[in-house]
Amino acid sequence: MAYYILRRILQVIPVFLGATLLIYFMVFGLPGDPIASLFGDKQPPQAVIDAIREQYRLNDPFIVQYANYLAGIFRFDFGTTFSGQSVNDVLARTVPVTMRLAVMSVAIAFVLALIIGALSAIWKGSIFDNGALVTALIFIAIPIFVLCFLAQYFLGVQLGWFRPTVGGQNDWGDLWLPAIVLGLSIYASSMRLTRASMIETLGQDWVRTAYSKGLSRRRVIPVHVLRNSMIPMVTDTATQFGVLMVGATVTEGIFNVPGVGNTLFRAITSRETPTIVSFVTIFVVIYVLVNLVVDLLYGLLDPRIRYVK
Amino acid sequence: MSSNSTHYVAAAQTETVVVDQLHLSDKKSNLWLDAWRDLRRRPTFWVSVVLCVFIIVMAVVPNLFTSVGPSGAACDLANSNADASAGHPLGYNFLGCDIWSRLVHGTRTSVLVGVMATAISTVIGVIMGALAGFYGGFLDSLLSRVGDVFFTIPYIIAAVVVMSVLADYRNEFVLALAIGGFSWASTARIARAEVLRVKQSDYVTASISIGLSRFRTMLTHVLPNAMAPVIVVTTLSLGTAIVAESTLSFLGVGLGGATVSWGADISQAQTQIRSAPLALFWPSLALTVTVLAFITLGELLRDAVDPKSRAQR
Chain L
240 MAYYILRRIL QVIPVFLGAT LLIYFMVFGL PGDPIASLFG DKQPPQAVID
290 AIREQYRLND PFIVQYANYL AGIFRFDFGT TFSGQSVNDV LARTVPVTMR
340 LAVMSVAIAF VLALIIGALS AIWKGSIFDN GALVTALIFI AIPIFVLCFL
390 AQYFLGVQLG WFRPTVGGQN DWGDLWLPAI VLGLSIYASS MRLTRASMIE
440 TLGQDWVRTA YSKGLSRRRV IPVHVLRNSM IPMVTDTATQ FGVLMVGATV
490 TEGIFNVPGV GNTLFRAITS RETPTIVSFV TIFVVIYVLV NLVVDLLYGL
540 LDPRIRYVK
Chain W
-17 MSSNSTHYVA AAQTETVVVD QLHLSDKKSN LWLDAWRDLR RRPTFWVSVV
33 LCVFIIVMAV VPNLFTSVGP SGAACDLANS NADASAGHPL GYNFLGCDIW
83 SRLVHGTRTS VLVGVMATAI STVIGVIMGA LAGFYGGFLD SLLSRVGDVF
133 FTIPYIIAAV VVMSVLADYR NEFVLALAIG GFSWASTARI ARAEVLRVKQ
183 SDYVTASISI GLSRFRTMLT HVLPNAMAPV IVVTTLSLGT AIVAESTLSF
233 LGVGLGGATV SWGADISQAQ TQIRSAPLAL FWPSLALTVT VLAFITLGEL
283 LRDAVDPKSR AQR
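Protein chains in written order, with my numbering: chain L, 240 to 548; chain W, -17 to 295.
To be clear, the hints were calculated from the coordinates, so they are not data collected in a lab. Everything numeric in this text was worked out from a predicted model, so none of it was measured. Take the hints with a grain of salt, since some may be wrong.
[Unchecked claim] SDA-like mimics (lysine to any residue), calculated; alpha carbons at most 20 Å apart, straight line: (1) L:Lys363 x W:Thr26; (2) L:Lys363 x W:Arg284; (3) W:Lys181 x W:Arg171; (4) L:Lys363 x W:Arg171.
[Stated by the list, open to error] Just some of the chain W residues that point at chain L, by a computed CB distance under 8 Å: (5) Arg127; (6) Val131; (7) Ser228; (8) Val235; (9) Arg256; (10) Leu262.
Think of the CB as a built atom: it goes at the ideal place given N, C-alpha and C, for glycine as much as any other residue.
One chain only, chain L, in its complex shape:
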């Protein structure tokens, strides 16, 4: 296990360096000028351009710039936003909100996916199963912002069950609407994975053994089948996390949830490139870490993983 952990951590290093280099290259190596794009159609005075270039050290050679940027990441210094706040201050304010939203939506998605996926697998081919599959396909096809507006219009404006936007009041209970939307956007693939994994497990020899030694269905399905079917769902979490980050950006923007995603959303719509870079970097760092943790967890859950390759 120690060898597995060490190897997995060593594998993260080139991926992390590559990903940050790629982001940095996209912003400062491509033909567009990140400074000019801050001003839209108007041309700023040369002195302003020079000052900003100095601030972001754009006059240094590319590799020096990248080294500075990387050093900043290791000092947990992600720079300042365009309005002059330190990114760390913004994070301290926004991360708790996003964490609440993420926990709620992942919980909604997983509970729904487990229940409906398991029932679908048990009643494979039934009307329930087909209905669940069609619904899942629709949720996969529907873009997240369309889902946001549907929920906002029907559940928020028409039925008045939830407030259409969140704003300053953002405790657990205020986040239901965005959490449901975000949860539904990741629900579909989790549900299909649960179903596929359950069907595969149900066909295993040891399930037949469990039945033939006289265990009831009530015991075999939750204890033997469901538990073993959940292993693929753990790795799926890592993949879903990318979807969740993009989803959170759009959802927080539309419902005006003052979280990390919302900050990125505002930065994108007002074209503040340096702020976008800071937040995208943070997203990638989190994504790499989450993938690492999930892989380690996978190795813990399924001993076979530790020895292959």
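Let chain L serve as the given structure and place chain W on it in line with the hints.
This is chain W only, laid out in the frame that chain L set:
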């Protein structure tokens, strides 16, 4: 072997007894023929095919479906949020433009960017995956790590960064490059896995042993036999690329200016959600139906080609 041959076994005594009877069909059978036989019996397949063809025709010749212009002089602020009238079946949006016409003309942007982005990501993915899988060794490690790097950055986020930096260079191709250039990693993984599998086949060994170069073998024998899962993923990623285009346009970093895009229309209509919800509803519906059509087609294709997922139906 002749068809419907019957096998006889001599019994210990005198008479002969039929032990089994083979019904071999003369019909040709391969992966795609089997898939076709499976698909053509499915109504969902035909519905999604008809929808996809309809959408593509609409993208190629929008004037077949509407004679009203989508923007510019065809819009009249006097018609702002006006209801449907003769010749304008879906009414007008906030800026007084005909909604149906904007839907029809928006199809082109979605399909064009979607197809180009998918083509880019498939070409890069297949090249990277095939080289990594076929040659193995150091090249495999190198290309797989590069793929991991691209896999680490969610491609919509990467495209947002590219498009906001390239604000002055916005056109369909750059947008497609931003989406396709960052979404190839999953195609590469699938292509690599399939090439690794096909590489084990006897005909590949045979091809190399009769003197064909390794590169020629890869091109003529390995790649064609490894394409099935790639084609399935391509159909599916056409749907996701269309979502990516509309998301970027919605965020305001898609195609700017006069280009008609569903995502941009949705973004513009969102401020009117209370007063004119239909202006928001129609482009959302068009987008969802289009994506659903391509994704359904891709999933049916996957089920038909992959016996494992067929077993789970």
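Indices of hints not satisfied (ascending): Hint 4 alone not satisfied by this model.
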